[in-house]
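Chemist: Throw the hints in and build the complete structure from the sequences for me.
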Amino acid sequence: MVFRPRDLASRMAGRRKPDDGYLRETFTLPRDKARARARDFLNRYPKAAYMSSVESWRELPSGDIEFTMRRLASAD
Numbered sequence: 032m033v034f035r036p037r038d039l040a041s042r043m044a045g046r047r048k049p050d051d052g053y054l055r056e057t058f059t060l061p062r063d064k065a066r067a068r069a070r071d072f073l074n075r076y077p078k079a080a081y082m083s084s085v086e087s088w089r090e091l092p093s094g095d096i097e098f099t100m101r102r103l104a105s106a107d
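Numbering (this note's numbering), first residue to last: 32 to 107.
Please note that a few of the clues may not be correct.
[Claimed, not checked] When the alpha-carbon atoms are kept at most 20 Å apart in a straight line, the in silico SDA-like pairs for lysine to any residue are as follows:
1. K64 / G94
2. K78 / L54
3. K64 / W88
4. K64 / S93
5. K64 / A104
6. K64 / V85
[Said to hold, decoys possible] Computed Cβ-Cβ distance ranges for the label pairs, DEER-style:
7. F34 / P77: 38 to 44 Å
8. S105 / D38: 18 to 24 Å
9. G52 / L91: 38 to 44 Å
10. V85 / L39: 14 to 20 Å
11. R62 / S105: 30 to 36 Å
12. R75 / D51: 16 to 22 Å
13. K64 / S84: 16 to 22 Å
These are calculated hints, taken from the structure and not from any lab test.
C-beta: ideal position from N, C-alpha, C; glycine also.
Modeler: Encoded structure:
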């Protein structure tokens, strides 16, 4: 049984296949810095080459944003 959203997130993360070829980075930042960090990540690793994206995000009670960015390990 799930009691907190974090419990559910941890359980779902545990089900993720570690060999799917993606590298993931999770950040917890204030809203403006989170937006800038995601934009920088997507500029550095363009979707066309790295299939990069924001995999998941949520707003924490403190107002910070926790988000996970994913990309392929290398571009061919």
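Chemist: Hint by hint, note whether the structure agrees.
Modeler: Evaluation of the provided hints:
1. Of the supplied pair hints, the one linking K64 and G94 holds, its CA atoms being roughly 12 Å apart against a limit of 20 Å.
2. Straight-line distance between C-alpha atoms of K78 and L54 comes to about 14 Å, which keeps the hinted pair within the 20 Å bound.
3. Using a Cα cut-off of 20 Å, the hinted pair K64 and W88 holds, with the two alpha carbons roughly 14 Å apart.
4. Using a Cα cut-off of 20 Å, the hinted pair K64 and S93 holds, with the two alpha carbons roughly 14 Å apart.
5. At most 20 Å may separate the alpha-carbon atoms for a hinted pair to count; K64 and A104 exceed this at roughly 24 Å.
6. Restraint check for K64 and V85: the C-alpha separation of about 15 Å stays at or below 20 Å, so the hint holds.
7. Take F34 and P77: their Cβ atoms lie about 40 Å apart, and the range 38 to 44 Å holds.
8. Judged by the Cβ atoms, the range 18 to 24 Å given for S105 and D38 is violated: they are separated by roughly 34 Å.
9. The supplied range of 38 to 44 Å is broken by G52 and L91, whose beta-carbon atoms lie about 29 Å from each other.
10. The hinted window of 14 to 20 Å between V85 and L39 holds, with their beta carbons roughly 19 Å apart.
11. Between R62 and S105 the C-beta distance comes to about 31 Å, which sits within the given range of 30 to 36 Å.
12. The hint said 16 to 22 Å for the Cβ distance between R75 and D51, and at roughly 21 Å that hint holds.
13. At roughly 19 Å, the beta carbons of K64 and S84 sit within the given window of 16 to 22 Å.
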